[in-house]
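*Asks:* Chains A and B, in that order, are what the protein sequence lines are.
According to the numbering used here, the first sequence is numbered sequentially starting from 1.
According to the numbering used here, the second sequence is numbered sequentially starting from 1.
Calculated from the structure, these hints are not laboratory results.
Quick caveat: nothing in here was measured; it's all calculated off a predicted structure.
The C-beta atom is built at its ideal place from N, Cα and C for all residues, glycine as well.
Some hints could be false.
[As the list claims (entries may be wrong)] Below, a list of computed lysine-lysine pairs in the DSS-like style, where the Cα atoms sit at most 27 Å apart: (1) A:LYS77 / A:LYS112; (2) A:LYS77 / B:LYS199; (3) B:LYS177 / A:LYS112.
[Stated by the list, open to error] Per the computed footprint, the stretches of chain A lying under chain B, defined by three or more beta-carbons under 8 Å from a beta-carbon of chain B, are: (4) 74–88; (5) 190–200; (6) 227–238.
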Amino acid sequence: MTPILETKNLHHVYSDGTPFRHEALKGVDFAVQRGEFLALIGHTGSGKSTLVQHLNALLKPTDGQVLFDGKDIWSDKAFTRAVRFRVGLVFQYPEYQLFEETVFADIAFGPKNMGLDRDEIDARVRRAAEFVGLSEKALRKSPFDLSGGNRRRAAIAGVIAMEPDVLILDEPTAGLDPYGSEQLLENLRRWQAAQNSAVVMVTHSMEEAAACASRLVVMADGAVKMQGEPKAVFAHAAELERLGLDVPQITKVFLRLRELGMDVDTSVFTVEQAKAALLKRGEGAPC
Amino acid sequence: MLKDITLGQYFPGDTALHRLDPRTKTILVIVYIVALFLAVSYVSYAVLLAALAAAIAVSKVRPKVLLKSLKPILILMVLTAVLNLFYTRGTDVLVSFWIITITREGLENAVFMLLRIAMLILGTFLLTYTTSPISLTDGLERLLRPLKKIRVPVHELSMMMCIALRFIPTLLEETDKIISAQKARGADFETGNLIRRAKALIPILVPLFISSFRRADELATAMECRCYHGGEGRTKMKELRYARADAIAFALGGALLAVTIVLRTMGL
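Hey, can you work out the whole structure from these sequences and the hints?
*Replies:* As structure tokens, then:
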């Protein structure tokens with residue numbers, strides 16, 4: 001099956017021809033499959049944010065291709081615009097892009113640009129608001145009267161309301177408290193399951209990646225360095241560390257236990273798995 | 001991309017031009033502008049152009065980048081040239097048909113005007129390209145200090161200018177981000193008539209204003225936290241001092257002005 005999104009040998013150079021020239025992407029080959037939850041991990045400056053802007057046709061490749069459903073997104077103008085609706089992109093700190101008088105109108109901005117009729121827009125806004133957990137009352141408020149967390153939700157709802165085939169979020173939990181982050185991720189998982197759309201989450205939190213994603217892509221220095229299931233990627237703890245990244249806390253605990261001479265399975269990366277692994281071990285020999 | 005707009009941007013470097021005292025550079029730019037307006041002939045323009053070219057060569061700013069800065073005023077330049085071309089009365093008629101007459105004087109005027117505007121812009125941009133906003137405003141504050149006696153808030157003005165210059169790239173970046181974000185939601189800035197396009201700016205301007213106010217507020221708080229209370233009794237960590245290079249630069253600038261004046265009196 002053709003992946004829903006794919007990049008082929010993607011290069012991007014910023015401010016070419018000035019002293020600020022910077023090669024952000026150096027030949028990225030990367031694919032997003034339909035309906036998967038993918039986490040894009042990388043250190044600050046590894047090119048993650050540049051890459052996601054390519055996926056939604058906001059940046060034009062210096063070299064290489066971006067394919068949506070097997071077709072080059074830059075092949076014609078109408079298609080480029082259509083791709084923007086089918087690939088929803090939520091930027092970092094999206095709450096700073098709210099501008100309408102009411103939250104409802106702001107969420108409706110995307111669907112309205114798609115040229116949908118009123119009833120459909122209305123239905124989509126309500127659906128999106130429900131997914132992110134915004135109340136009916138909040139929809140009538142000005143976005144600037146909301147709390148920080150709710151503003152973030154409203155901004156994400158604005159993209160979700162376009163009901164894209166791929167939803168990309170650039171560090172959606174940055175600056176949220178632990179409870180807020182947890183809820184946001186839970187909402188995203190629910191949305192993904194209900195919609196059967198693909199979700200790409202850019203993050204540098206290994207815990208978040210471990211908790212949500214079915215596949216991880218690790219970026220460093222403008223290229224994809226590793227990809228695969230969380231288990232497979234986290235097995236390379238030393239290499240991740242070399243790339244300025246980390247493994248989840250719980251995996252570290254288990255690696256240390258192994259070092260101390262305990263025979264434990266070090267491929268765990270969530271607390272639930274750790275619990276299961278320890279209990280299984282308990283059944284055998286006493287600790 | 002907006003980021004490529006180079007207005008008021010500083011290109012870090014370590015050339016003789018970068019190291020000059022900001023006061024020297026500011027005064028020399030003024031001298032240069034005066035000389036430009038005194039120039040009346042090919043010879044004097046050639047001299048000034050050579051001086052500018054030499055300064056650009058010393059600064060190591062890529063000419064391509066500099067020329068790009070002319071883009072925003074291209075229309076103004078062309079318009080001035082065209083007006084001069086058609087509306088200068090002269091005796092030496094080159095082309096004449098219907099109501100259009102082009103004289104040699106007109107052509108000369110147009111070329112001079114074009115050169116004058118271009119050189120003026122390039123000269124001043126070279127100043128901002130080779131001087132960091134902080135040292136530029138530092139120099140200005142120092143130069144304008146005598147005005148303090150007649151109660152001009154020199155320090156406050158230069159601080160405002162410094163902040164404004166400092167935030168141009170930040171705001172451009174922010175605008176870029178907001179444009180991208182609204183584009184991602186299908187906003188269309190490129191098609192439609194004037195009213196539609198103006199309306200399409202609302203989703204950009206509202207967040208931009210809000211974030212500017214937020215930034216201003218944060219900056220004010222941060223400044224107060226560091227006990228900033230205006231220029232009263234404030235000393236400088238780095239006092240500006242003229243060095244030998246500045247003396248040489250002043251001498252060169254003076255010579256340039258003198259040559260232009262002499263050429264003018266000679267009618268060249």
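*Asks:* Among the hints numbered above, which are violated by the structure, and what are their numbers in rising order?
*Replies:* 5, 6
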